[in-house]
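This is what each chain is made of:
Protein chains: 2
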Amino acid sequence: MNDTRDRIVEATAALFQQRGYTGSGLKQISTDSAAPFGSLYHFFPGGKEELAAATLRWSGHGYQLLVTTVFDAAPDIVTGVGDAFEGAAEALRLSDYADACPIATVALEVASTNEVLRQVTAEIFEAWIAALARRFAAAGIAVDRSRELAIAFVATLEGGFLLCRAAKDTAAMDALGRTMVDTVRAALDTAAFDGR
Amino acid sequence: MNDTRDRIVEATAALFQQRGYTGSGLKQISTDSAAPFGSLYHFFPGGKEELAAATLRWSGHGYQLLVTTVFDAAPDIVTGVGDAFEGAAEALRLSDYADACPIATVALEVASTNEVLRQVTAEIFEAWIAALARRFAAAGIAVDRSRELAIAFVATLEGGFLLCRAAKDTAAMDALGRTMVDTVRAALDTAAFDGR
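For the protein sequence lines, the chains are F and E, in the order given. Just so you know, the numbering used here puts 50 at position 31 of the first sequence, and the rest follows in order with no gaps. Just so you know, the numbering used here puts 174 at position 155 of the second sequence, and the rest follows in order with no gaps.
Since the hints were made in silico from the structure, they are not lab data. Treat the numbers as computed from the prediction; the structure is a model and nothing was measured. A couple of the hints might just be wrong.
Calculated pairs, DSS-like style, for lysine-lysine (alpha carbon to alpha carbon, straight line, at most 27 Å) [to be verified]:
| # | chain 1 | residue 1 | chain 2 | residue 2 |
| --- | --- | --- | --- | --- |
| 1 | E | 187 | F | 67 |
| 2 | F | 187 | E | 46 |
| 3 | F | 187 | E | 67 |
| 4 | F | 67 | E | 67 |
| 5 | E | 187 | F | 46 |
| 6 | F | 67 | F | 46 |
| 7 | E | 46 | F | 67 |
| 8 | E | 46 | E | 67 |
Here are the in silico distance ranges between beta carbons for each label pair [claimed, not checked]:
| # | chain 1 | residue 1 | chain 2 | residue 2 | range |
| --- | --- | --- | --- | --- | --- |
| 9 | E | 188 | F | 85 | 23 to 29 Å |
| 10 | E | 112 | F | 60 | 36 to 42 Å |
| 11 | F | 135 | E | 51 | 40 to 46 Å |
| 12 | F | 68 | E | 50 | 21 to 27 Å |
| 13 | F | 87 | E | 208 | 29 to 35 Å |
| 14 | F | 66 | E | 204 | 48 to 54 Å |
| 15 | E | 82 | F | 98 | 32 to 38 Å |
| 16 | E | 82 | F | 135 | 27 to 33 Å |
| 17 | F | 64 | E | 25 | 42 to 48 Å |
C-beta atoms are modelled at their ideal positions from N, C-alpha and C, and glycine is treated no differently.
Same shape as in the complex, but just chain F (with noise of 0.2 Å):
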């Protein structure tokens, strides 16, 4: 990776979290990531859409190694759930609420207008569920409902990002998270039963 890309990239990551790809300018960019125009058409001769394309995936993979991070930390799956919930709720209030996931942001956004970003945004969100269903089937969920319950992780997750900058709290985050651990608390406790 070159610097100067990587400026860009960065620099269009935070402006996605905090206003989207339709409210991220192209001069914005160039003057937050002190890259010239010129630069911008040079690594990315596809103009907005070939840098939003390559900053989700960015951002996308960064989010991913996260949560892997957290899990690995964790004694075990049910509070590696917990840590993660934690975790998102703390970097809301860090960031005092200004910043969001990009992914969702922008696969809001797009989703109609846009078929190559919005690809782009499917394609990450199957990875984060691959990712974590591979982990709930690794505690000895059955496959199946290891992909159910990764879904409703992303999802609340997603969802909990969405009521808390809202709300400019995170009270509904805390909630989720204890709503979640006691779902995958329950599917745990059912692969037991099954398992015996």
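Take the given structure of chain F and dock chain E to it, following the hints.
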């Protein structure tokens, strides 16, 4: 309500669903509602922000009525929860995944940039959560747990819209509906057990 004002709000709501706040221009709203620019400023002297606030409240109230109607038509609350998720999946398919929740789309866009509209979206989510919490409590679930379930319902439904629109597929909403039904059923069982 005035016919022209209604047309303006309806056209704005449709545009918000598909393009969000930043992507919906007053010019397009004027065209779509067949209302001249002067009308827009006559009914909404505060301009786009005032029009957006009125549109969000109108849409938010409509969705609340829709979910309430689904719950009223169901024989019990667990069936109501399942029906609501099925209805959401059907709405996505019928609109060919074009229509998102306009409250969510705008909330993610404006949370950091427009304090007036952020508060409007927060009030709408809170009204939904309060209405659902009353339903769960009326079914016998403890008040605190009823609020947690209501938060989970709204977050899950919003997260489901996001995942399904990105994927152009309702499989995620079906899975989320099953998980939410299980969660509410478990809460009812706990309430019945505690009440014995």
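Keeping to a limit of 27 Å between CA atoms, is the pair of residue 67/F and residue 46/F held or broken? Holds - the C-alpha atoms of residue 46/F and residue 67/F are around 11 Å apart, at most 27 Å.
Hint check for residue 135/F and residue 82/E - Cβ pair distance inside 27 to 33 Å: Given a distance of about 30 Å, which is inside 27 to 33 Å, the answer is holds.
Given the range 40 to 46 Å, decide if the beta-carbon distance of residue 135/F to residue 51/E lies inside it. For residue 51/E against residue 135/F, whose Cβ atoms are near 26 Å apart, the range 40 to 46 Å is violated.
Is residue 67/F within 27 Å of residue 67/E, Cα to Cα? The hint holds at about 26 Å.
Regarding residue 87/F and residue 208/E, is the given constraint of 29 to 35 Å on their beta-carbon distance met? holds (34 Å)
Agreement of residue 187/E and residue 46/F with the hint, judged by alpha carbon distance not exceeding 27 Å: violated (32 Å)
Pairwise hint evaluation, residue 67/E against residue 187/F, where the allowed Cα distance is 27 Å at most: Roughly 23 Å between the alpha carbons, so the hint for residue 187/F and residue 67/E holds.
Please check whether residue 188/E and residue 85/F have a Cβ separation lying inside 23 to 29 Å. holds (26 Å)
For residue 46/E and residue 67/E, compute the direct alpha-carbon distance and say whether it is at most 27 Å. holds (11 Å)
Taken at face value, is the distance from the CA of residue 67/F to the CA of residue 46/E at most 27 Å? holds (24 Å)
Kindly confirm whether 42 to 48 Å is satisfied by the beta carbon distance between residue 64/F and residue 25/E. holds (46 Å)
Consistency of beta-carbon spacing, residue 98/F to residue 82/E, with hint 32 to 38 Å: Given range 32 to 38 Å: holds, Cβ gap about 36 Å.
Hints 2, 5, 11 from the list above are not met by this structure, while the remaining hints are.
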